[in-house]
Amino acid sequence: MSDKQQEVWVFIEQREGKPADVSFELLSKGRKLAESLSGTLKAVLIGHDMQELAAETFRYGATEVLLADHPELKHYNTLPYSRILSGLVDQHQPRIVLFGGSFIGRDLAPRVASHTRSGLTADCTDLQISDVTYLRKDYSQLLLQIRPAFGGNIIATIICPDSPVQMATVREGVMEKAPLAQPVEGRIIQVPYSPDEVDHLVRIIDRHHEESKVNLKAAPIIVSGGYGMGNFQNFQILYELARVIGGEVAGTRAAVDAGFIDHPRQVGQTGVTVRPKLYIACGISGAIQHRAGMSDSNKIIAINDDPDAPIFGVCHYGIVGDVMQVIPMLIDAYKHKLK
Amino acid sequence: MSYHSIVMVKQVPDTANISGQVMKPDGTVNRSKLPTIFNPEDKVALELALQFRDRFGGTVRVLTMGPLKASDLLRDCLYMGADEAILVSDRKFAGADTLATSYVLSEALRKLAPYDIIFAGRQAIDGDTAQVGPQTAEKLGLPQITYAEAIIEARGRQITVKRKVDQGFEVLEGTLPLLITVIKDAATPRPFRAKRVMAYKNAHTLLELEKMAEANSLLYVDQLKDEYVSKGLFIPTLTADDLDIDVERCGLSGSPTKVHKIESVILGGGAHETIPATKDGMYALIDRLMEDHIFG
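Chains as they are written, first to last, in the numbering used here: chain E, 146 to 484; chain U, 781 to 1076.
Hints may be right or wrong, so weigh each one.
[Stated by the list, open to error] Result set (DSSO-like, lysine-lysine): computed pairs, CA atoms no more than 30 Å apart in a straight line:
id, chain 1, residue 1, chain 2, residue 2
1, E, K177, U, K1041
2, U, K964, E, K358
3, E, K163, U, K1038
4, U, K944, E, K362
5, E, K149, U, K1038
6, U, K813, U, K964
7, E, K422, U, K1059
8, U, K964, E, K480
9, U, K944, E, K358
Since the hints were made in silico from the structure, they are not lab data.
Work out the full structure: start from the sequences and follow the hints.
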């Protein structure tokens, strides 16, 4: 390892010029990792007309932004973006590079990791810096990449002991966004971009972008359903409960896979992580991947007909019973008490 | 014009159906007790490739890296309609992370060139990383289209693909050859064709023939191979020796990520208040939530 200061990089995602929340969450985490390494936090931003957004990263502690700004880079496109970022990683050898676990991050990160032959761990639920002894060799200040694995039956800690650059993706909501009271005095470094014909091997010919209608992270109350809801029709009762008590509806991965609800409303390791005031888990068994996305909720109610369901291990109020009987009673009780 | 496709498939543990026997007391996984399945999105990728062949003509080959047991998966692919199946297998490839896996796969694909499209499922359910597709594309210097939902059109060397993005979709036009990763909604895998099951149930990989020869002193593997090749029932196997590879970049030694620690998940019954599933129970619950300042 050279004496040069260790750098933590965060790739800043933008869509239509708007930054992704997950990028600021990662800057907030990256700042802590950089502190542990006594290193520096840097942001990498690719797009067009990005000066303002670049400066926004200073509020999260980035001391430098590597900015590739060019009209042809306006929208994310795999080849030019990965070419630029791979070049930067080759040149600067940061110690850590973090990406959002989004459609963009999951398209880009493996490409860059392959080019630079770096270790990459997907969908981490925690990141820490620690000295590690691995196969009787001591390594100082490795990145511990922690994630559930194997259907949630185990929690694995992954390390990249011999990889100069350690990379990880993290889903939205896993890390908490922590802006500084006072932005740091950062600087913006322009990264030159020279268009290359290979960048046009894949061209965007149509884009359909909807503003997200759901913002689970901001919802104070979430009514969430699992596979135990039984079927699509039963699942609809959750919308009734959510409407009455003023919440958003979410689901587990099993519910998404079964077609009960769409992926943008999935809570868990491969969905969104939420911390609402109240989380009502209906027909959810409580696999670790799901719990990774909701166990920090202020209060959790679990309704399940299986008294041994693991969800009862993380809830504050447990109701053993048939969701299709309990939920109507809950709706009635709420209406009676509060209306 | 017709197109030549190769589909990368994987046999995976059925992580959705893990029983108690599978987890050892120390929290590690007993892989031998795990039922294995055709990785769901790879099966969809194969279906999409077969539909593409139905529309435009050409061939579909499938490629997997795995142990002897992965031969079952390749037969499944033949039953669905793949023209040829290839196993990539060697002890030296064991313990590979996504980087080492994509290295071996990319070298196997070089041997199988030329091709127009490489298909793969977006991700495998045992790791959910979605990394092997893009990493393989990068190693081959190919463009990639991930999260493909549909192939809209192919004309000459241009292909038009609809892909899902976080909030909506994109339509991309790509120049072949390229790699496409496919999401679950892209197609519904066809059932096995009875005729093809009859035709290919005795198709065997080289590894299986070696096993047969070991078990019976009257059989010689070279003869067996010739016999199976002549019957069209031989599934070629590529080993480290068949590929132009740096062994140091394969398997465990070629994997920058290492598992440092594994903890089993303790599903403890935490302290919580039990609310009876009755009308009175619900009233009491609402009261508690009002005390908690969540309602009211």
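Holds or violated: U/K964 to E/K358, with C-alpha atoms at most 30 Å apart: 23 Å, holds
Hint consistency between E/K422 and U/K1059 [alpha-carbon to alpha-carbon, up to 30 Å]: 24 Å, holds
E/K163 paired with U/K1038 [C-alpha distance capped at 30 Å]: Violated, because 36 Å separates the two Cα atoms, which is more than 30 Å.
Proposed proximity, E/K480 with U/K964 (alpha carbon, max 30 Å): 41 Å, violated
Pair hint E/K149 and U/K1038, alpha-carbon separation not exceeding 30 Å: 25 Å, holds
Hinted pair U/K813 and U/K964, Cα distance within 30 Å: 27 Å, holds
Holds or violated: U/K944 to E/K358, with C-alpha atoms at most 30 Å apart: Distance of about 17 Å is within 30 Å: holds.
Given hint U/K1041 paired with E/K177 - CA-CA distance at most 30 Å: Given pair E/K177, U/K1041 holds - Cα atoms ~23 Å apart, limit 30 Å.
Pair hint U/K944 and E/K362, alpha-carbon separation not exceeding 30 Å: 22 Å, holds
Hint violations for this structure: numbers 3, 8, all remaining hints satisfied.
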